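S.K.: Each chain, letter by letter, is given below.
Protein chains: 2
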Amino acid sequence: MAVSAHGDPQPPDRLRLIGEEELIDLSIGCTVLAGGGGGDPRVGLMMGLHAIRQNGPVRLIELDDLNDDDLIVPGGMIGAPTVMVEKIPNGNESRLICEVLSKRLGSPIAALMPLEMGGLNGVLPVAWSATVGLPMIDGDLMGRAFPELQMCTPHLYGIPAWPGVVVDERAQSLLLEPMDNVWFEKLARNAVSTLGGCACAGIYPMTAKVARVPLIAGTVSAAVRIGAVIRGASDDPFKALDNEVELYPLVTGKVVDVERRTAGGFVRGSAVIEGIEHDRGRLVRIEFQNENLVALEDGEALATVPDIITLLDRHTARGIVTEQIRYGQRVVIAAFKSPIQWRSPEGLAVVGPRAFGYDIDYVPVEERHARVS
Amino acid sequence: MAVSAHGDPQPPDRLRLIGEEELIDLSIGCTVLAGGGGGDPRVGLMMGLHAIRQNGPVRLIELDDLNDDDLIVPGGMIGAPTVMVEKIPNGNESRLICEVLSKRLGSPIAALMPLEMGGLNGVLPVAWSATVGLPMIDGDLMGRAFPELQMCTPHLYGIPAWPGVVVDERAQSLLLEPMDNVWFEKLARNAVSTLGGCACAGIYPMTAKVARVPLIAGTVSAAVRIGAVIRGASDDPFKALDNEVELYPLVTGKVVDVERRTAGGFVRGSAVIEGIEHDRGRLVRIEFQNENLVALEDGEALATVPDIITLLDRHTARGIVTEQIRYGQRVVIAAFKSPIQWRSPEGLAVVGPRAFGYDIDYVPVEERHARVS
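For the protein sequence lines, the chains are A and B, in the order given.
Everything in the first sequence is counted per this note's numbering, starting at 1 for the first residue and increasing by one.
Everything in the second sequence is counted per this note's numbering, starting at 374 for the first residue and increasing by one.
Rather than coming from a laboratory, the hints here were simulated on the basis of the structure.
Fair warning: this is a prediction, and the values are worked out from it, not measured in the lab.
The C-beta atom is built at its ideal place from N, Cα and C for all residues, glycine as well.
Hints are all accurate, no fakes.
Over the 10 Å line for every Cβ pair with chain A, so calculated as not near, a few chain B residues: (1) Glu435; (2) Val586; (3) Asp630; (4) His651; (5) Gln662; (6) Ala722.
If the Cβ cut is set under 10 Å, some of the chain B residues that face chain A in the computed set are: (7) Arg477; (8) Pro536; (9) Asp541; (10) Arg543; (11) Gln545; (12) Ser546; (13) Leu549; (14) Glu550; (15) Pro551; (16) Met552; (17) Leu560; (18) Arg562; (19) Asn563; (20) Ala564; (21) Ser566.
One side only, chain A facing chain B, incomplete, derived with CB under 8 Å: (22) Arg170; (23) Ala171; (24) Gln172; (25) Ser173; (26) Leu174; (27) Leu176; (28) Glu177; (29) Pro178; (30) Trp183; (31) Lys186; (32) Leu187; (33) Asn190; (34) Ala191; (35) Thr194.
Work out the full structure, taking the sequences as your base and the hints as a guide.
M.R.: In structure tokens:
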């Protein structure tokens, strides 16, 4: 790789630059954290590598590196991940997002950040930051990926998603100023459907001071570490991964059925995994709306949102996003603990099983399952 | 009436103020010109009367009364007229429209104007002008009503509909900056569907200089005169109306069937009129998309867009909008000559029969029919 931040003089405990190597690690790590959603990272990885080669590595900063009044714009793609793999951004989306929001808010943008630790949505903000020459915050607003825009931590604290902007690859923009974040989701989702199924967005613009409360800090560098661990694991990547982030394996199996439909700006569907090896005889069903929502066995929940449910490749431990699930894949369905913010009653009201229509109580994954042995 | 501009010192050939009397006349006149669309004027009339009582009559101006750089915002409701009758604006829409557009364009708004001479959309801009204390231009961008937003004269001259804003009664706003006017229509229509079927919009913002080319001038005062003639006619309102505007009666009859559905931000459907009096034995079918598009008899077109096809009450000659057509109504289906702008090849490409999916050549109504005798 021509450009890498590896080896730069920096304290070993803090990642300060995202170069090509770190971006590759990030693309792997956030696919694990995404819970199947946030889009396949490949397009974003290509765009990010290109942007870094052109403009150099992206500075990864913390809120303390900014002044209180500095404006931060979280962003990513919204819509159906099945569409994102073939409806490619033009590369200038971040310029247009910054232009519209900075004009509307009368202030320059100081930093970008990922909306979520999704597959694509974890890496795309790196491409965006490199393109506009801004640093990126080490953190996000979900600590994983979720399908709807009110499912962001600022929503729990009454922080508005607007003024927010949706832009597409034709350089069209919609500046939305609705009455609440649920309306924001409705209007943005519908606009995205009209635009062809996915589009880019800059939402929840916040000053650094406001962002202090909702920010889930450190998730970008955590995802980079996870990616590095998976890439570097010599024998058992699952064991290595568990050393980095608590991993609760639900079942090891083969995908025997997958059903998927793209509608209304989402991909919805389910996959059935038949146990293999020590799990022979078991049958587990995953249901998803962009992200995996529940893992069910014999009608009982093995894990539910907000805990992270990810299909990991049986051999490499790399995450498989929902639009890439295919018949015959050998996988480990793994669960990870949800960020603490989502485990409160307020958090569960927004992203718990009932928020997605499941009449199931949330039970933290660590109370149901043992970690990888 | 408490406030009226009648009797104010002014040249007799130019209407300079819209007070309560003029607004009532306008509501009648533009329902005739609307071709069945633009919404039932009742809500707009109530809002306009209220605003005029609070803030005084609205100044009706011409482009020459403005400086070249003065900014004009055309506006109205968009969506399905069937919804407009029950989803009432909050009265502050024009404030929000002016605020968003004036902030975006960095210039105060000098005047408002109607987007179209629709039923509701002819009178609502009077309420808006009175509310924000701005004058209103005597003219519009259709010279009648049409269902889609690219069906405005500026579109013929490459003038963009954007930046345009859609606002609703919850004070939500969407500022749209698409790549062309057809995309504007798609995005706005979809937003309107999401907002519940109708919403208010300010679009095609133009300086007075730019507006000179596309403006269809004098249509507001013409509609006021038409309304006054209909209201004042002592015996034959059709004859009186024909003296004011060339009227081509297609058939006199009774509504024997009406089919109407509200979907995708439009009302679409048809009505069948069975001839009475001298037209006994005839059967004429009207098809509409918000506005009446074609009048058909034995599979042949009696009249088509862009000529104006309006159902007039058999006794009062008042216009009946498409969402108010009911079984048993006695009507005269009347046609009026389209504004000249729409009769060019460029105009017909946008609003001719083929633009609405009819494989019919446009024949000017005066070549098919005689005027009222």
